[in-house]
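A.B. asks: Going down the list, the protein sequences come from chains Y and F.
By this note's numbering, the letter at position 66 of the first sequence is numbered 66, and the numbering carries on one by one without gaps.
By this note's numbering, the letter at position 72 of the second sequence is numbered 1072, and the numbering carries on one by one without gaps.
No lab work stands behind these hints: they were computed from the structure.
This one's a predicted model, so the numbers in the text were calculated from it and none came from an experiment.
No residue lacks a Cβ here, since even glycine has one placed at the ideal position from N, Cα and C.
Among the hints, erroneous ones may be present.
Claimed, not checked - Heads up, incomplete: computed chain Y residues facing chain F, CB under 8 Å, no partners named: (1) Y31; (2) I86; (3) L100.
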Amino acid sequence: GEDVEQSLFLSVREGDSSVINCTYTDSSSTYLYWYKQEPGAGLQLLTYIFSNMDMKQDQRLTVLLNKKDKHLSLRIADTQTGDSAIYFCAESITGGGNKLTFGTGTQLKVEL
Amino acid sequence: EPEVTQTPSHQVTQMGQEVILRCVPISNHLYFYWYRQILGQKVEFLVSFYNNEISEKSEIFDDQFSVERPDGSNFTLKIRSTKLEDSAMYFCASRTMTGPAETQYFGPGTRLLVL
């Protein structure tokens, strides 16, 4: 079955890079996603990567995928206080309903 | 930019009461989903809906839950007889058939509190 794990907390200083890690178990994942959740708000899609890619860059965001180790990471360059939020990785498998399986979420705190 | 909307934003109900949570998906989307997030826990899949029928449901989605697309724009989640453990944030999501990465777009959620 699917299981997605993340570390719970990450604290960085403003201007530094943040790296949020995620491991998943289902090797048949088709897409992997990063969502951001600010306090009291919904889930905002940040970026995604197709499972046959190794890397994807989108402005300050870099996604790295190690399919062999089933490891996904999100790097945020030049982290700002507005990046403070909970970050969820999620996987989906094409076919059927394409449900998303979410990780536990990583709370990112950006300090001045 | 089109977005998924949900009403109400907050709902408080008594245990045993029925609640209906409403969602308006993005207009050209064909797949619809409900997820829930109990406070401090993971976001969990409840059900997916396509072509007027459930395509997949989780173990959480028991006989107390039902979904409906009554009028071509709304997508509702009904909980027939609420329990304390149904207290959670409920998220609706939708996607197109061919959108990039089959991306699901989420609404802002309805916070349900069962007393």
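A.B. asks: Can you give the numbers of the hints that this structure goes against, from lowest to highest?
C.D. replies: Failing hint: just 2.
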